[in-house]
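Protein chains in written order, with this note's numbering: chain A, 1 to 540; chain B, 1 to 470.
Note that these hints are calculated values from the structure, not bench results.
In this text the structure is predicted, and so the values were computed from the model without any measurement.
A few of these clues could be false.
Below, simulated DSS-like cross-link-like pairs (lysine-lysine); rule was C-alpha separation at most 30 Å, straight line [to be verified]:
| no. | chain 1 | residue 1 | chain 2 | residue 2 |
| --- | --- | --- | --- | --- |
| 1 | B | K467 | A | K284 |
| 2 | B | K28 | A | K455 |
| 3 | A | K272 | A | K183 |
Calculated from the model, a selection of chain B residues having no Cβ within reach of chain A, i.e. all distances over 10 Å [stated by the list, open to error]:
| no. | residue |
| --- | --- |
| 4 | S90 |
| 5 | S244 |
| 6 | L323 |
| 7 | L427 |
In silico negatives: residues of chain B with every beta carbon more than 10 Å from chain A [as the list claims (entries may be wrong)]:
| no. | residue |
| --- | --- |
| 8 | V112 |
| 9 | T243 |
| 10 | R378 |
All C-beta atoms in this analysis are idealised placements derived from N, C-alpha and C, irrespective of residue type, glycine included.
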Amino acid sequence: MISYIIKRILLMIPTFVVISMIIFVVLNLAPGDPSARAAADGTETVSQDAQEAYRLFQQQFNLDKPILFNTRFSLSTEDVEEKVLILANFQRPICLDEEALEALEEAEEIAEEAELAPDMAPDGEGPVGEEAELLELAAEADPEEEDCTPLAERPSSGEIINAQETLTNWGNYTVPQLLTLAKEHERADVRHLAVNQLSTNARRPMLALSDPDPPPEIREQNREIARENSTLRRWQLPMDAEEEAVEEMLRENWLPWYEEHAQRFEFSTADKVGIFFLDTRFAKYWENLLKLDFGLSTNDRRPVMDTILDRLPYTMTLGFLAILLAYLIAVPLGIWSAYNQNTKRDQFVTVILFMLYSLPSFFTAVLLLEFFAVGRPFTWFPTGGFIGEEARGMPLLTQMVSASWHLILPVICLTYGSLAALSRYARTGILDVIRADYIRTARAKGLSESMVILKHAVRNGMIPILTLMGSILPFLVSGSLVIEYIFNIPGIGLYLYQSIFMYDYNAIMGCLLISTVMTLVGLLLSDISYAIVDPRITFD
Amino acid sequence: MTSQQDDNQTAADDYQTYGEIVWGQFKKYRISYWSLYGVAALFVLAMVSPVLAMNIPFYLYVPEGVGPETLQGTSYPWFVALFDQNFFDSGVDIFFNFLLFFLPFAFLTWFVTNKVGNPAEADPSDPPIGFFAGVGILLAAFFVVVVLLNGLLSKEVALALVGIGITAVVVRAATEKTDERGRRRLFIALATVVGTIGFAIIYYHGFRQPFVDYQALVELDDGVRAIFPPIEYSYRDVNLLATSEPPSWQHWLGTDAIGRDVFTRILYGTRISLTIGVVAVGIYATIGIILGSLAGYFGGRVDALILRLIEIMMCFPVIFLLLTIAGFIEEASVFHIMLIIGLTGWTGIARLVRGEFLRLRNQDFVQAAVALGFNEMRIIFRHVMPNAIQPVYVAATFGIAGAILIEATLAFLGVGPPDIPSWGQILTAGRSTQNMTMILASGFAIFLVISLLNLIGEGLRDATDPKLRK
Chain A
1 MISYIIKRIL LMIPTFVVIS MIIFVVLNLA PGDPSARAAA DGTETVSQDA
51 QEAYRLFQQQ FNLDKPILFN TRFSLSTEDV EEKVLILANF QRPICLDEEA
101 LEALEEAEEI AEEAELAPDM APDGEGPVGE EAELLELAAE ADPEEEDCTP
151 LAERPSSGEI INAQETLTNW GNYTVPQLLT LAKEHERADV RHLAVNQLST
201 NARRPMLALS DPDPPPEIRE QNREIARENS TLRRWQLPMD AEEEAVEEML
251 RENWLPWYEE HAQRFEFSTA DKVGIFFLDT RFAKYWENLL KLDFGLSTND
301 RRPVMDTILD RLPYTMTLGF LAILLAYLIA VPLGIWSAYN QNTKRDQFVT
351 VILFMLYSLP SFFTAVLLLE FFAVGRPFTW FPTGGFIGEE ARGMPLLTQM
401 VSASWHLILP VICLTYGSLA ALSRYARTGI LDVIRADYIR TARAKGLSES
451 MVILKHAVRN GMIPILTLMG SILPFLVSGS LVIEYIFNIP GIGLYLYQSI
501 FMYDYNAIMG CLLISTVMTL VGLLLSDISY AIVDPRITFD
Chain B
1 MTSQQDDNQT AADDYQTYGE IVWGQFKKYR ISYWSLYGVA ALFVLAMVSP
51 VLAMNIPFYL YVPEGVGPET LQGTSYPWFV ALFDQNFFDS GVDIFFNFLL
101 FFLPFAFLTW FVTNKVGNPA EADPSDPPIG FFAGVGILLA AFFVVVVLLN
151 GLLSKEVALA LVGIGITAVV VRAATEKTDE RGRRRLFIAL ATVVGTIGFA
201 IIYYHGFRQP FVDYQALVEL DDGVRAIFPP IEYSYRDVNL LATSEPPSWQ
251 HWLGTDAIGR DVFTRILYGT RISLTIGVVA VGIYATIGII LGSLAGYFGG
301 RVDALILRLI EIMMCFPVIF LLLTIAGFIE EASVFHIMLI IGLTGWTGIA
351 RLVRGEFLRL RNQDFVQAAV ALGFNEMRII FRHVMPNAIQ PVYVAATFGI
401 AGAILIEATL AFLGVGPPDI PSWGQILTAG RSTQNMTMIL ASGFAIFLVI
451 SLLNLIGEGL RDATDPKLRK
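Just chain A, same shape as in the assembly (with noise of 0.2 Å):
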């Protein structure tokens, strides 16, 4: 028994690796952005400081990070170039050559046909998109001036944001890449540009972000590490700065500084491998995990595991209750029901129930919300919550009573679903045994009737319904999500819920995760627990 207990456990570690792995991917490879969500007002980010935020807030939660292998330390100066370049091209002016010429004679006509007859246009709005702002630039632009970029060449405003956000993700290990074009470039505005992005990403980042009380030592050395920020972040160039201050700035201050860190940047091969699979968020997931730290929610900026921890009692006692309710109730009436096998009360009992359980949760939710809470026509019970706010802080037999009046309703919505099947599994369990001999032995040694049916043919007919309490506790999870969200209920199901809409992985893995261990240690219980009720199993 206890090795069986054993290999269980151990087996338990394979699936949950593999569940975490499941649960990794469906996050990473889910399309919506947690970081552009996190943008308060959701218009595009253009302020320094709100870049600055938004970069942070990547470094914060490893969203900087590539997802699987890490490669960054093998980046050309060629690879940094071309994202630079795009960045540099975006922000000369378009060449008037013919065939910027042409598609501008396209553009001013969609521009007058819009503005002759503004109903046709499509969804009435002017010139739209692409050949407005084609219109702005060529309007911007010189005909004399060399430095432009052609037509074909102009970057999407995809490919910037893509060349933007690649460029800020690489961070360090593109300083040596970035330093070399600032030095060496032969176009100006392209020197100039890197100067700035080494300003942003020479910055390191700061140690044991997600701990809220760092040791002293880390302490000092994340200080230490803001200070030099700070300097860095000083060594950037206004947009018109001239070419001479942008070789005064790189003499100055970038060629000093690079001397004194460079070995900050040479990557021994040791250094390399650990960087390409440690330096990853997958690495960087696994590692909180084992730590049985989910990180912080980017919602509320709390532990994500001490949000689960407040709520999961919650959850809890809801699913308890109503587990209880539904065994206190289904197993007499399944018993009864097998008495009474195949009478008409038998098949009344079977299609109520029956109907019960076709009836969706959420549907009678919030009928009985409608009828005894709102108040058409009763307001016999609150409408939502688990306590009354003025129950807080009272004796815990006024919180009790509190919550048991909270949690009527909920806990019927949960239970009267599972009456159907629990019940019929407990009527087959007794007709499966009562025809058995070893009960009419028992009847024929004189037996009471009582004792028959509770001592033999009870204890034997309960088995298979026992094997239902491991399957059903996932059922009372996820079913409590709905009756959670109806009633208000602040548990597991209804932070996942609110999560999901705020794009706060941490917190739907976190969710995720524990939902998935409660499972796991529910179909354990529910196959010991066969053992110890029926001595005839035995699982060697």
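Given the coordinates of chain A, assemble chain B onto it according to the supplied hints.
Same frame as chain A, now just chain B:
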């Protein structure tokens, strides 16, 4: 010699196939039997909902000088609008509209080719009446398509459709299968192929036409004649002059917050619910059957691997997983919801099929097939699968009910397209606007479908259980 052998093998008169036995048993469960009719009625209702409720007239006559020029004269806008992807923006609707045309013709063709000119009974020297009748029906179909759907399909597409139909009739008439069961199976297969090709042509043809307000046209009353469906609303038409109305003779179940007729929406919601149930279960039954049969047949490592996979999938609370995936899809459509339910729900069926395969693998007929040197694909699909599949039907029936419930729950939680007339969405909308009629009507619709399907599943389970044979 051959015919002699055939005679010897002909079954006794009271021989029943397994399907016939189950059907006979099933009929004895009266509630389940009637539930089957109930679901069939719902299916028909879903199919004919444009006949009942649509704001486009079957027949329109506009005299000269009234309204836009393109509409003048006699036209049949309803028939054309059925395939108009501006009017019905969902593929589900186009599909049911297609069935509305296709199924009657399919039944008629079956009836005519089978009953009028049964190739088995016909004298070879007689002219093949069934064949001619089948071709006649298809020509009539061609006529209907060209006249009623004028402007919808180019003549070539219509010809191609009829060509496929005639080929089907020819193949069907030329086959010499004598027993009715074989012919029925062949015909169903043919009709499915023809229907799928026809639907694909119509759907990818992408027919669209500009919007015309026919009701306003009729109200002009300058000799405009029109016959509308009995309920003159479409499920999408917003009417801001009649928002949140209580039930009345105009609006049987009132209107919602932006003036859409609730009854019409619930009627069209039947289509979405049934489609979601069937498609989602179709997807997961396929996955489950394939994985389950592999696990059960090969055993050993394959079995261990697939069992582990099942265990992992079962650890996720379904709603949590679904909500997470669905929440991340931007603008999830109904088809996304079906796909998600389909990809996550296969574990139950896989376990069932695995169990059946384990049981059957060592039986004599499988051993015989192995001894005859058949390859594994053939043994799995031709020998074991037909015997292992029957518990899947029961699970699938319950599964359809489950999928409909899951979709309604997701819609209730605000996942999925908010504008489609799905019952869950209607309930949510009713709850957010405190509209009791909407809550009750949609909730009852969900309850009705789920309990009908569950009752069928219950009856089917008892009917397939030899211990409970009546």
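message = Against the 30 Å threshold, does the CA-CA distance of K28 (chain B) and K455 (chain A) hold or violate the hint?
response = 37 Å, violated
task = Classify the label on L427 (chain B) as holds or violated, using whether its beta-carbon is more than 10 Å from each beta-carbon of chain A.
result = 7 Å, violated
key: Pair hint K272 (chain A) and K183 (chain A), alpha-carbon separation not exceeding 30 Å   = Holds, because 26 Å separates the two Cα atoms, which is no more than 30 Å.
ask   = K467 (chain B) and K284 (chain A): Cα distance at most 30 Å?
value = Since the Cα atoms of K467 (chain B) and K284 (chain A) sit roughly 57 Å apart, the hinted pair is violated (cutoff 30 Å).
task = Could you check that no beta carbon of chain A comes within 10 Å of the beta carbon of T243 (chain B)?
result = 21 Å, holds
L323 (chain B) non-interfacial with respect to chain A [C-beta, more than 10 Å] = 6 Å, violated
key: Assertion that R378 (chain B) lies farther than 10 Å from chain A (Cβ)   = 34 Å, holds
inquiry  = The output says S90 (chain B) does not contact chain A. Does that hold with a beta carbon cutoff of 10 Å?
reply    = Nearest chain A Cβ is 22 Å from S90 (chain B), so the label holds.
query = Would V112 (chain B) pass as off the interface with chain A, using Cβ distances and a cut of 10 Å?
reply = Since the minimum Cβ distance to chain A is about 41 Å, V112 (chain B) lies beyond 10 Å and the statement holds.
request  = Find the nearest Cβ of chain A to the Cβ of S244 (chain B) and say whether that gap is larger than 10 Å.
outcome  = At roughly 16 Å from the nearest Cβ of chain A, S244 (chain B) sits farther out than 10 Å, so the non-interface label holds.
Of the numbered hints given earlier, the model fails hints 1, 2, 6, 7; all others are met.
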